[in-house]
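The lines below spell out each chain.
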Amino acid sequence: DAGVTQSPTHLIKTRGQQVTLRCSPKSGHDTVSWYQQALGQGPQFIFQYYEEEERQRGNFPDRFSGHQFPNYSSELNVNALLLGDSALYLCASNQGPGRPDTQYFGPGTRLTVL
Amino acid sequence: QQQVKQSPQSLIVQKGGISIINCAYENTAFDYFPWYQQFPGKGPALLIAIRPDVSEKKEGRFTISFNKSAKQFSLHIMDSQPGDSATYFCAASIRSNDYKLSFGAGTTVTVRA
Chain A
45 DAGVTQSPTH LIKTRGQQVT LRCSPKSGHD TVSWYQQALG QGPQFIFQYY
95 EEEERQRGNF PDRFSGHQFP NYSSELNVNA LLLGDSALYL CASNQGPGRP
145 DTQYFGPGTR LTVL
Chain B
159 QQQVKQSPQS LIVQKGGISI INCAYENTAF DYFPWYQQFP GKGPALLIAI
209 RPDVSEKKEG RFTISFNKSA KQFSLHIMDS QPGDSATYFC AASIRSNDYK
259 LSFGAGTTVT VRA
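Protein chains in written order, with the numbering used here: chain A, 45 to 158; chain B, 159 to 271.
Isolated chain A, as found in the complex (with noise of 0.2 Å):
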């Protein structure tokens, strides 16, 4: 089992473009969150998907949207690209929202923006 997978690993951006990661969850895995990890503090939750659908979301403006595919995958896209959306970004999966102690966590995404 792969575990939660992140692609890619690293990004640079500049101001104003628009960037989208993705995320593959664990097997057996059908919810799928995403977080915002600045340098030096701990993540911030972003939103989370079931069943296609955004079910929770997090304190970050509408630049930031994602979505979930039938097979549980998800892509993350953030549009107009800020200095400030340099983090890593990390996905992580759960055998359901109701299930916190399935959750895993993928290797994350650095975005760099310029």
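A hint or two may mislead.
Stated by the list, open to error - A short, non-exhaustive set of chain A residues, derived as facing chain B with CB atoms under 8 Å:
1) S77
2) Q100
3) F104
What the hints assert, rightly or not - Partner residues are not named here, just some residues of chain B that face chain A (Cβ under 7 Å, in silico):
4) F197
5) G201
6) K258
Said to hold, decoys possible - With beta-carbon atoms standing in for the labels, derived distance ranges:
7) B:E184 to A:A46: 33 to 43 Å
8) A:R107 to B:R270: 26 to 36 Å
9) B:N185 to A:R99: 14 to 24 Å
10) B:K216 to A:Q61: 41 to 51 Å
What the hints contain is simulated information worked out from the structure, not anything from laboratory work. Where a beta carbon is used, it is the ideal one built from N, C-alpha and C, also for glycine.
Based on these hints, arrange chain B on the given structure of chain A.
Chain B alone, transformed into the frame defined by chain A:
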């Protein structure tokens, strides 16, 4: 506004010693309190978790102590080993919010051999 406050920011412990990390929260609706371990270049890994109906949970060398009245919980790492050197995050969540996590700022633990 950080919902979970974690301290200390960093700590150094000798091999075989005890590491203690503390967290405090304000929202009494929180009903799930996990701890995560993160190594450089990796995502956080769930270490141990507790619910507010118990005051202590132990798994191997890791123990969570929970004080509901004080709205505080802590992680104790017994017999610390160099392989325990990592950043530890406490978190809190609510079942009715699908357990979306509010993380503390993290504690970097260094175990000296």
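The hints, checked one at a time:
no.: 1; hint: S77; result: holds, 7 Å
no.: 2; hint: Q100; result: holds, 5 Å
no.: 3; hint: F104; result: violated, 12 Å
no.: 4; hint: F197; result: violated, 10 Å
no.: 5; hint: G201; result: holds, 3 Å
no.: 6; hint: K258; result: holds, 5 Å
no.: 7; hint: B:E184 to A:A46: 33 to 43 Å; result: holds, 38 Å
no.: 8; hint: A:R107 to B:R270: 26 to 36 Å; result: violated, 44 Å
no.: 9; hint: B:N185 to A:R99: 14 to 24 Å; result: holds, 19 Å
no.: 10; hint: B:K216 to A:Q61: 41 to 51 Å; result: holds, 48 Å
Figure legend: structure checked against the earlier numbered hints; hints not met, in rising order: 3, 4, 8.
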